[in-house]
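Protein chains in written order, with this note's numbering: chain B, 1 to 209; chain V, 1 to 251.
Calculated directly from the structure, the hints in this document are not laboratory data. Here a beta-carbon is modelled for each residue, glycine too, at the ideal position from N, C-alpha and C. Wrong hints could be hidden among the right ones.
[Stated by the list, open to error] Only some residues are given here: those of chain V computed to face chain B with a beta carbon under 10 Å:
hint: 1; residue: Ala70
hint: 2; residue: Pro76
hint: 3; residue: Asn94
hint: 4; residue: Ser95
hint: 5; residue: Ala97
hint: 6; residue: Asp98
hint: 7; residue: Ser118
hint: 8; residue: Cys124
hint: 9; residue: Glu167
hint: 10; residue: Gly177
hint: 11; residue: Asn195
hint: 12; residue: Ala221
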Amino acid sequence: MKVVLIKYNAGNTQSVKFALNRIGIEPLLTDSIEEIQSADKVILPGVGEASSAMVYLKEKGLDVVIKNLKQPILGICLGMQLMCKYSEEGKTDCLGIFNSTVKRFSSPFEGGRRSRGDVGDVPYAKVPQIGWNNIYNLKGYLFKNISDKEFQYFVHGYYVESGENTIATTNYLTEYSSALQKDNFYGVQFHPEKSAKAGEQLLKNFVGL
Amino acid sequence: MLTKRIIPCLDIKDGRTVKGVNFENIRDAGDPVELAIRYCDEGADELVFLDISATNEKRKTLSELVTKIASSINIPFTVGGGINSIEDVSVLLNSGADKISINTSAFKDPQLIKELSSRFGSQCIVLAIDTKFENGNWYVYLNGGKVKTEKKAFVWAKEGVELGAGEILLTSMNNDGTKNGFANDIIKLISESVNVPVIASGGAGTMKHFTEAFETGKADAALAASVFHFNEINIKTLKQELRNNNIRVRL
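Take the sequences, apply the hints, and build the full model.
Written out as structure tokens, the structure reads:
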């Protein structure tokens with residue numbers, strides 16, 4: 001099994017590599033187009049900023065390569081957001097695989113002291129969201145052996161609304177897409193590589209696709 | 001729903017976990033990797049490692065330890081202690097740390113927060129603030145609590161967040177080591193004034209103290225060391241107790 005982690009300017013590849021190691025996979029970290037195209041599974045990790053990540057992917061010609069992959073590819077966090085149509089972060093066009101826009105959480109906090117306390121069920125909602133939250137409405141093989149309401153670890157200030165490609169939802173200020181899928185393209189907003197056993201199960205499921 | 005986080009903190013010296021009382025009589029508390037794995041199994045939400053012996057020659061030992069930790073645990077962790085440059089941060093993140101915490105170096109050169117957050121992202125920059133209540137005010141202290149400044153903790157927290165800090169780790173020196181509870185007044189003041197999570201630290205002695213830090217202190221996360229190291233409080237039992245008190249936790 002050849003698993004490729006795409007190397008680009010949005011980091012966190014080490015954590016994903018270690019998580020794959022724990023399930024018995026030694027991934028190849030590379031930006032080589034041939035290596036990516038010949039992989040069985042591809043992962044686009046990501047912690048960083050959308051517009052600069054897009055500039056980098058385009059410079060390397062990786063935008064076109066990713067869009068045309070036929071094998072399963074998993075975008076994590078920013079990696080998922082880059083697979084969408086457009087991101088408000090840096091106002092950039094993205095890969096356009098998922099027909100969704102990436103929006104910034106609108107915080108009741110903006111502009112200093114909070115004007116109101118709890119927002120719906122969300123206590124003291126701050127932006128970015130940092131911590132463990134539930135995933136609901138799980139669809140498909142990616143969530144095999146993962147139960148509804150399971151916890152995953154999130155760190156993000158931008159989100160994707162629920163839509164036609166949504167395969168999991170999460171609530172924070174609004175109900176949004178915590179996972180997306182279209183054909184062989186998968187994306188998760190949370191960090192399975194940091195989400196204890198439930199995250200490990202998701203990575204196993206992806207590798208087993 | 002987003003949950004409140006329980007964060008065990010491990011002080012590291014020469015590659016071992018240590019615990020002292022008020023920075024004195026430091027005693028060995030075991031192998032940090034083994035302890036980290038135990039905390040993961042008990043349901044810790046994140047871990048913090050503070051290298052209290054941090055010097056340049058020790059840096060390599062620390063990055064090797066970070067790699068060992070990163071390959072052994074599957075939850076996020078922060079590394080701090082003596083970090084004062086982009087290079088330091090780069091090495092630790094590349095070794096597998098998820099976040100780094102900065103304290104004295106950030107106070108002496110606030111632009112460091114800006115440089116680090118724009119280079120690595122705010123989400124991995126934790127601003128640690130040690131504070132002490134004196135003459136009616138909470139002041140910032142540096143160098144592990146040895147050096148007093150005239151800056152108020154509330155002001156520094158707000159400035160730090162504006163510069164790009166992604167979280168605040170607030171330790172009350174008055175409470176630290178007392179096991180009499182967290183400093184909920186200053187925690188609440190800061191937590192309600194900044195738009196990033198605040199981690200309460202210093203003073204945990206009982207499970208009730210954690211409930212108070214979340215309910216009264218409005219903390220987003222609570223950190224403790226000795227009550228976990230020496231098994232005075234079991235993390236799983238603590239989280240069950242928090243849930244019984246209607247505080248959202250991951251169980």
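Going down the list of hints, with the structure as the test:
1. Ala70: holds, 5 Å
2. Pro76: With Cβ-Cβ at 5 Å, under 10 Å, it holds.
3. Asn94: holds, 6 Å
4. Ser95: holds, 7 Å
5. Ala97: holds, 9 Å
6. Asp98: holds, 6 Å
7. Ser118: Constraint on serine 118(V) satisfied, holds at 9 Å.
8. Cys124: holds, 7 Å
9. Glu167: holds, 7 Å
10. Gly177: violated, 27 Å
11. Asn195: Check passed: Cβ of asparagine 195(V) comes within 4 Å of chain B, closer than 10 Å.
12. Ala221: holds, 7 Å
Going through the hint list in order, the structure does not satisfy hint 10, though it satisfies all others.
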